[in-house]
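Numbering (mature numbering (1 follows the signal peptide of the UniProt record, and there is no 0)) for the sequence shown: -16 to -1, 1 to 441.
Among the hints, a few may not be true.
Said to hold, decoys possible - With a straight-line Cα cutoff of 30 angstroms, these simulated DSSO-like cross-link-like pairs (lysine-lysine) come out: (1) 184 to 243; (2) 278 to 222; (3) 121 to 107.
These aren't lab readings, by the way, just hints derived from the structure by calculation. Quick caveat: nothing in here was measured; it's all calculated off a predicted structure.
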Amino acid sequence: MGACMALCSIASCASCLCGSAPCLLSGCCPSTYNSTVSRLAFSFLLLLGTLVSVIMILPGMETQLKKIPGFCVGGTSIPMPGIVNKVNCDVIVGYKSVYRMCFAMACFFFLFFIIMIRVRSSKDPRASLQNGFWFFKFLVLVGITVGAFFIPDGTFNTVWFYFGMLGSFIFIIIQLILLVDFSHTWNQSWLENAEEGNGKCWFSALLSFTVLHYALAFSAVVVFYVYYTTGDDCTEHKVFISLNFIFCIIVSIVAILPKVQESQPSSGLLQASFISLYTMYVTWSAMTNNPNRKCNPSLLNLVQNTSTPTPTPAPGQGVQWWDAQGIIGLVIFFFCTLYASIRSSNNTQVNRLMQTKEGLAADDHEAATWEDGVRRAVDNEEEGVTYSYAFFHFSLFLASLYIMMTLTNWYQPDADYQAMQSCMQAVWVKISSSWIGLAVYLWTLVAPLILSNRDFN
């Protein structure tokens, strides 16, 4: 009986994979919207590719693969009759594997970006490709991935490295926009709770988190000055830290100006403190890519109070992506990706920046349950899409490049394409993205004052 039920479940899942997004929900899932399910499904494909990349970059993976008889070129020193080693394991592990896996994901999402341009509602035939045919989309992703591993070494690594830097530069700005959105929603939600009752408790919580964010940001500035400016050639770090510290003070002051508060009552120091803390993270992440090791002590060395620099990976060694800034970068990425998949923002300015619309979805949760009692997602986009399909896929395209750069520590392939090394280009990309991100946040504050003839309510 159990086996029959299992077979029925598998058959049902198979039909759902070929069907639409609503069929992806099970009976234990809450009622939700078609648009949310589709975004979560695409994000799952991105996270699945990230997991594969993490596994293939783990140290010792190449050694384990070479133990498989007849798998790797140059593997299994014991000759075995009838077995010929055909796979170049130098390509399917390490940073070369990450480059190819992320290249496949980037191509997949860029393809959907092109297809979904100017989709206005679910009545568009292309909307069925967005919300259905998941099994076939998975096969397309697998096919592109397999083809990517046949790309020969050489200029591909260098060219794709620069593509990765450019895409990551834009994605860092998008991350900050999402964090602005999250902090606005957070602040507005708690202010509404304070107005409904127990105001002292909610205002105390807002104040506590604001003070915590500023305390962490200020502590980071002090640590940066102490440990990342000690060398004679660390002038750039002093400039980066000082400028970003000043910029954070400026946006914090602007956020509480009376005119800004009048046009945006929900604006406040919680958002500014949150953005300041993220800016300090980006500043630190940039300084960790400085090839001058005197200006770039590793976090582990600081904890252990040692002065031994962290070596750059040598030929034949994998890239150690699990340093502190890489792990924090992945955590922020996972949060922003999940938030972008389920977001329903009340921040009009950020919605316009993210090309989303509010108020088009019908609150018809009762329609989410069919007559058979099985839960289904509501098609809430018949009158108009609740988010830009094309922009969503473009964001995932950029996220694929950001994952690639994060897992490889933003290291650049050397001239022989056998090792990775730090480079100042990565430092400038991260720092400039932090400046542009702060400018975007500042614009969300002053836009209603400058463009007084437009409605920002």
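Cross-check of the supplied hints:
1. A C-alpha spacing of about 26 angstroms is found between residue 184 and residue 243, which places the hinted pair at or below 30 angstroms, so the restraint holds.
2. For the hint linking residue 278 to residue 222, the alpha-carbon distance of about 14 angstroms falls within 30 angstroms, and the restraint holds.
3. Under the criterion of a C-alpha separation no larger than 30 angstroms, the hint pairing residue 121 with residue 107 is consistent with the structure, at around 20 angstroms.
Every hint from the earlier list agrees with this structure, and none is contradicted.
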